[in-house]
Amino acid sequence: MAGRWKNTLTENDVTPEANYLSRRSLLAGMAGVGLAGVAGLPTAARAQGLKANTYEEITTYNNFYEFGTGKDDPAKYAGSLTTSPWTVKIDGMVDNPGNYQFEDIMAKMTIEERLYRFRCVEAWSMVVPWNGFELADLLNMAGVQSRAKYVAFETLYRPDEMPGQKTRVLKWPYVEGLRLDEAMHPLTIMATGIYGKDLPNQNGAPLRLVVPWKYGFKSIKSVVRITLTDKEPPTSWNRANAREYGFYSNVNPEVDHPRWSQATERRIGGGLFTKRIDTLKFNGYEKEVAGLYQGMDLAKFF
Amino acid sequence: MIDTLNTYARKLPAWAVYLIGFAPMPFLFWQGITGALGVDPVKALEHEYGELALQLLVLGLAITPARRHLGLNLLKFRRAIGVLSFFYVLAHLLVWAVLDVQALGAVWADILKRPYITIGMAAFALLLPLAITSNNRSVRKLGPRWRQLHKLTYPAVILGGVHYVWLVKGWQVEPLIYMAVILTLLALRAPKKRKVRVAA
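Chain order of the listed sequences is A and B.
Okay, so the first sequence: first residue is 2 according to this note's numbering, each after it adds one.
Okay, so the second sequence: first residue is 12 according to this note's numbering, each after it adds one.
Note that these hints are calculated values from the structure, not bench results.
A couple of the hints might just be wrong.
Derived lysine-lysine pairs resembling DSS-like cross-links, with alpha carbons at most 30 Å apart [stated by the list, open to error]:
no.	chain 1	residue 1	chain 2	residue 2
1	A	K77	A	K167
2	A	K276	B	K124
3	B	K22	A	K301
4	A	K77	A	K198
5	B	K124	A	K301
6	A	K172	A	K150
7	A	K172	A	K90
8	A	K198	A	K109
9	B	K124	A	K282
10	B	K152	A	K282
Using the sequences and the hints, build the whole thing.
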């Protein structure tokens with residue numbers, strides 16, 4: 002049941018006439034550089050005329066503290082990570098718990114391209130053409146039981162290959178979590194590639210979560226375990242500093258982070274004199290996801 | 012070894028230290044423009060200037076202990092190192108305000124609201140009178156008060172170190188090493204009273 006997000010919008014819903022042109026030129030431009038799966042680009046993303054960051058930008062500027070705290074550390078050191086064989090343990094409140102081989106998962110999932118904004122809590126952003134499948138498809142394969150309310154995720158713990166795990170900058174392994182309805186939302190994907198290529202190690206190979214309306218640290222990388230539970234699971238940055246990082250961490254220009262104003266962001270790729278741009282509520286996906294948080298005080302549940 | 016270094020130091024004019032010290036400033040800026048600092052040159056430049064400022068401040072702090080404990084005399088370069096560190100702090104501040112935050116209101120809000128920025132600004136404010144009085148005329152005019160005034164370096168360096176420890180996410184190693192070096196250098200210049208008593 003892939004492609005649900007695409008089906009929720011028609012082009013007429015979202016595309017002002019003027020944007021048709023920019024969308025077309027964007028598509029033409031992408032076809033020109035030989036991108037795979039352009040036809041799979043979600044309508045809304047296409048309509049917004051998003052311009053993807055380059056492969057180099059996306060793969061040399063990463064936060065992946067398992068390989069060091071510098072932005073260039075992951076690209077430098079993640080080469081040592083073994084990603085094959087790779088097993089994802091799915092357990093907790095599911096009908097079919099077990100160790101799923103990465104290849105077996107891929108054989109059952111439909112890979113799509115999703116052009117998403119990516120907003121880091123540090124107030125920089127990118128636009129990334131992910132390849133991946135909807136998390137809902139994987140969870141449905143495992144059979145979510147009705148008692149389950151949350152999904153917990155865990156990154157690989159392998160200090161021999163992940164030198165950052167020998168330091169105590171965070172408690173390892175990295176863990177993240179979503180409410181079940183967030184996890185089942187059609188925008189939420191497990192990414193397995195960028196620009197039609199396999200996901201590079203520094204971006205969280207072989208598969209990682211992507212939740213485009215939340216700050217980047219929610220999109221946990223190199224996932225080895227997915228657990229369905231009825232309690233809100235611990236999350237790494239919240240555990241490290243609860244005052245600064247909440248469980249929800251939805252992109253919200255109105256709710257300031259103690260360290261960074263979240264009102265604006267710097268889009269990577271514009272050089273030394275880049276003008277900051279306004280940050281959009283839910284990172285521009287308000288129409289799709291605001292309903293998940295109806296009646297919630299977003300300043301309290303940040 | 013120390014004698015050789017002292018001989019070289021005597022021969023090296025202070026202006027050469029200014030020249031060598033200032034060179035990275037325009038060079039890094041140029042690298043930022045050409046893309047040699049990576050895909051986020053604003054942050055890279057901000058961090059490079061800030062780290063150089065901190066390194067120069069630490070170097071300035073090391074001069075007295077180096078003379079006292081190693082017999083290495085670099086006193087004649089201390090003013091150059093101090094002035095250089097001030098200009099790197101200023102460059103760091105300007106890159107942050109002009110190229111990164113880009114709006115005066117937001118700069119002011121950040122200074123008031125975010126403790127690590129407040130601390131950084133306080134360090135800058137402490138260094139400002141020191142930079143202004145880094146000339147022979149001020150030394151003559153202020154007399155013994157000049158020495159008193161320039162002890163503001165100590166709190167300024169500590170604030171600079173705290174600024175770095177605080178601004179990074181989580182407890183990272185590098186800023187903690189800077190902090191340890193700063194505290195060690197300050198401890199080394201503490202009055203030797205205790206040591207004398209132990210020796211006696």
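query = Against which earlier hints does the structure fall short, listed by number upward?
reply = The structure conflicts with hints 3, 10, although it agrees with all the remaining ones.
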